[in-house]
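K.L.:
Going down the list, the sequences are from chains A and B.
27 is the number that the working numbering gives to position 27 of the first sequence; each next residue is one higher, with no gaps.
Convert by adding 1000 to the 1-based position in the second sequence; the result is the number in the working numbering.
Read the hints as simulated data drawn from the structure, not as lab findings.
A hint or two may mislead.
Under the rule of at most 20 Å between Cα atoms (straight-line distance), these lysine to aspartate or glutamate pairs were calculated in the DMTMM-like manner [unchecked claim]:
(1) B/Lys1017 with B/Glu1088
(2) B/Lys1002 with B/Asp1045
(3) B/Lys1133 with A/Asp107
(4) A/Lys494 with A/Glu184
(5) B/Lys1079 with B/Asp1035
(6) B/Lys1079 with A/Asp325
(7) A/Lys544 with A/Asp356
(8) A/Lys151 with B/Glu1136
(9) A/Lys366 with A/Asp79
(10) B/Lys1126 with A/Asp356
(11) A/Lys109 with B/Asp1139
(12) A/Lys109 with B/Glu1125
(13) B/Lys1133 with B/Glu1222
(14) A/Lys151 with B/Asp1181
(15) A/Lys319 with B/Glu1136
(16) A/Lys494 with B/Asp1045
(17) B/Lys1084 with B/Asp1015
(18) B/Lys1126 with A/Glu90
(19) B/Lys1133 with A/Glu314
(20) A/Lys487 with B/Asp1045
(21) A/Lys544 with A/Glu556
(22) A/Lys151 with B/Glu1186
(23) A/Lys151 with B/Glu1189
(24) B/Lys1126 with B/Asp1181
(25) A/Lys124 with A/Glu571
(26) A/Lys467 with A/Glu524
(27) A/Lys319 with B/Asp1140
(28) A/Lys573 with A/Glu121
(29) B/Lys1126 with A/Glu94
(30) A/Lys573 with A/Glu62
(31) B/Lys1126 with A/Glu57
(32) A/Lys151 with B/Glu1028
(33) A/Lys109 with B/Glu1136
(34) B/Lys1133 with A/Asp317
(35) A/Lys544 with A/Asp79
(36) A/Lys301 with B/Glu1028
(37) A/Lys494 with B/Glu1016
(38) A/Lys151 with B/Glu1182
(39) A/Lys494 with B/Asp1015
(40) B/Lys1002 with B/Glu1024
In this text the structure is predicted, and so the values were computed from the model without any measurement.
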Amino acid sequence: MYQRYDAVIVGAGGAGLMAALNLAGHGHVAVISKLYPIRSHTGAAQGGIGAALGNLEEDHWEWHMFDTVKGGDYLADQDAVEILCREAVETVYELEHWGLPFSRTPDGKIAQRPFGGHTREYGKAPVRRSCYAADRTGHMILQTLYQQGIKNQVHFYNEFHLLDLLIEQGRCAGVVALCLATGEIYTFHAKAVILATGGCGRIYRVTSNALALTGDGMAVALRRGIPLEDMEFFQFHPTGIYKLGILLSEAARGEGGILRNRDGERFMQRYAPTLLDLAPRDMVSRAIYREVQQGRGIDGKNYVHLDVRHLGSEVLDQKLPDITDFVRTYLGIDPLREPVPVQPTAHYAMGGLPTDLEGRVVIDEKNTPLPGLYAAGEVACVSVHGANRLGTNSLVDILVFGRRAGRHAGKYIEENDWVPLPPSPDGPAQDLVNQLLSGNGNERAAAIRDTLQDEMMDKAGVFREAKGLEAMQQKLRELRQRYRQVKVEDRGRKYNTELLEVIELGGMIEISEALVAGALARQESRGAHSREDFPKRDDPGWLKHSLAYQTPKGIELKFKPVTITKFEPKERKY
Amino acid sequence: MKVTLKIRRFNPEKDEKPWWGEYEVEAEPTERLLDALNYVKWYVDGTLTYRRSCAHGVCGSDAMLINGRNALACKVLLKSVGNKVTVEPMRGLRVIKDLLVDLEPFFEKYKQVKPYLITHSLTPEKERMQSPKEREVFDDTTRCILCAACTTSCPSFWANPEYVGPAAIVNAHRFIFDSRDEGREERLEILNSSDGVWRCRTIFNCVDACPRGINVTRAIGEVKKALLFRKV
Ligand SMILES: Cc1cc2nc3c(=O)[nH]c(=O)nc-3n(C[C@H](O)[C@H](O)[C@H](O)COP(=O)(O)OP(=O)(O)OC[C@H]3O[C@@H](n4cnc5c(N)ncnc54)[C@H](O)[C@@H]3O)c2cc1C
Ligand code: SF4
Ligand code: FES
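Modelling step: build the complete structure from the supplied sequences, incorporating the hints.
P.N.:
As structure tokens, then:
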């Protein structure tokens, strides 16, 4: 099946929808998404979207910028962070104008609350910067953008799964996708493509990410010779529900919740005396691991307590109703009466497809764009989050850079023509599907995936060291071998969800290879990347971004400099 | 614990009519029904088909008929369903494969009620003001995740597939009662038709089914009231 559009957006979460809304009216545009847009994981975001509105106390985008740079352990590109924090303010107002039902201050303005790592006057004390709608901010953002999509008659291809990216004459020529309903393979010929396929948390065992977050966009691009930037930086959020990984937003601590060890001690006092429980996530997650290592986990096990009992029923019901419900539903306990068992949960990929300030994918150390190809949202790395993202900054990122990518692509499609398609554009995708559907291997995909997730959690999680990472590389080689023998029981064409899971798994292994190669190479500890064997940050050696390329010989790494404008790197203390 | 899943299966590429598959699963009582379904799909029969994504009740993918009642598989814990659980697709929408149904008609109805903020007056530079009290009035209906559990549990909808259904009314309510919205009349007019709110017979199945705990019947009642007191 052949379709031609001016632009195709892959993914209908916050980033994809924002790009679509900014492209609407500029040409013939389609959005393809493996999930119905409203099922995207942006809807799971809880705590808020950061913007220096100053509705409750003085605040400035420069303070927000400083916090973001420092939170990212000085690896973020500061020109991009400046855009993020300046444009955050107009973005939040735009959402409100589109109808987003924010919680309100007594005088009717958008309500704001404190969040980890967000401070006033360059680190003096927490500031109320997170704009929220109870603990369902992402739900409201996703709903609002989808509603605007309906209003603007955006053309959606729902339940279409990206399989391949077409590049011809050094320019992007479109994408290939599988229609779930019919099993047919579509070639979308397009002048511009915006990848907005979200994150890849499912490479880890315990994660806050949806089952659908398998990093497909990253994998498809990697195979087409596009590098992945800073993949070694993966954020573990300190408060996932024990074993399940379901997120309990930092908003719980923003509203006053406290982390305690087996002795009931507020252990963050020892790790971050100023910001305490609201220190950035990488630090809090490491603190929890240390407490557990030193035998102070609850009952000697690998979890601690999040205590919100003192907040009272009004705060829980009004400001944190969803996470209160999660605790009741999944743990069967009442957070008003009992502290909640939590452990760090794999949450957010700081790395992704390298882009410039306009959302264009750039493919080398000199930031050369690949014309016609854009990326935005968690799949991309601008880089605004550096080595560790602050809470509330992803929602800003997906919208600010989703918009920029949409706008730039809008101009691009007016000024450029279609690149001819490569010969047999859907050939590789057809081969992949046919091979899987006719193969006679006997490896269960689920067994391979289970091993991948357990091993990644163990060897490439919160703490890493050379020995474990090398062992992980060996494991990944084994998994790749086993994957060659993977079996697909469902041989049908229509809604073959098993086939899709198997295809996703192939990509998860490849992304993990990029992540582990970066983690092994980076001999320092910075932000979310903590090496037991290199515990210090090393600016002379490592203040640079990694770029991981897939080659026949395995992952090859290159590096590019960090853009520093306003804030010179300093030691990171809270 | 041991749980037997009795699942209504149907694959149009193979089966002439639906059949029941039975699967025994060893699981923790605190696991979700979705975990048990995943176990079957991943380790027993890869052809089992359903939708899922978030696994914690916020994306609306996995509404299905569980022991005769609509619910999200990811919000039902095994300990609450007993040793044998029957799982079927939602009623009133065409079954495409196993537990997966055709949602297109459902979303079409949602679109009918103009589910987006309508304004004519000038947009301020900063936010529009709204008091916490004005915000509270429509809080309940902002929580809808469009899972379709309410609409497909409604006898009025089964009897008349043209009925817009509770989910669409909930989403109309969310705007009709938003102090910032100026499209109230248009929306009320749409709901005033014979396939609009008046088809609701206040049977309350929807309230029971809603995984977000939205008081769907109350929302429909408020819309009916708004219609009655409209042009007088
Ligand atoms: C539980 C949780 C809470 C969070 N809370 C916050 C918060 O309070 N504040 C904050 O700033 N950030 C938060 N985050 C992070 C933030 O929500 C995400 O990073 C962000 O929403 C990602 O948006 P996105 O548009 O990039 O991707 P997503 O919303 O994940 O959307 C991805 C889209 O891509 C599509 N897709 C994927 N693969 C394919 C494929 N192969 N083919 C076709 N389509 C595909 C999917 O269908 C989907 O539409 C939270 C994250 C989680 C998990
Ligand atoms: S009102 Fe409740 S049951 Fe109905 S679609 Fe919305 S969330 Fe689902
Ligand atoms: S999987 Fe998202 S609601 Fe159940």
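K.L.:
Given the hinted pair A/Lys124 and A/Glu571, is their alpha-carbon gap at most 20 Å?
P.N.:
holds, 15 Å
K.L.:
Do the alpha carbons of B/Lys1002 and B/Asp1045 lie within 20 Å of each other, as the hint requires?
P.N.:
Holds - the C-alpha atoms of B/Asp1045 and B/Lys1002 are around 18 Å apart, at most 20 Å.
K.L.:
Are A/Lys151 and B/Asp1181 close enough, with their CA atoms no more than 20 Å apart?
P.N.:
holds, 14 Å
K.L.:
For the pair supplied as a hint, A/Lys494 and A/Glu184, is the alpha-carbon distance within the 20 Å limit?
P.N.:
holds, 9 Å
K.L.:
Is A/Lys319 close enough to B/Asp1140, meaning Cα to Cα at most 20 Å?
P.N.:
holds, 14 Å
K.L.:
Could you grab the alpha-carbon distance between B/Lys1126 and A/Glu90 and see if it respects the 20 Å cut-off?
P.N.:
holds, 8 Å
K.L.:
Between A/Lys573 and A/Glu62, does the CA-CA distance stay at or below 20 Å?
P.N.:
holds, 19 Å
K.L.:
Take the C-alpha atoms of A/Lys301 and B/Glu1028, compute the straight-line distance between them, and say whether it is at most 20 Å.
P.N.:
The hint holds at about 19 Å.
K.L.:
Regarding the pair B/Lys1002 and B/Glu1024, is the alpha-carbon distance no greater than 20 Å?
P.N.:
Within the cut-off at roughly 7 Å; holds.
K.L.:
What's the verdict on B/Lys1126 and A/Glu57, does the C-alpha distance respect the 20 Å limit or exceed it?
P.N.:
holds, 16 Å
K.L.:
Hint check: A/Lys494 vs B/Glu1016, CA-CA at most 20 Å. Holds or violated?
P.N.:
Holds: A/Lys494 and B/Glu1016 sit about 16 Å apart, inside 20 Å.
K.L.:
Decide if the proposed pair is consistent with the structure: B/Lys1017 and B/Glu1088, CA atoms, cutoff 20 Å inclusive.
P.N.:
Within the cut-off at roughly 14 Å; holds.
The structure is inconsistent with the numbered hints 8, 10, 17, 32, although it conforms to all the rest.
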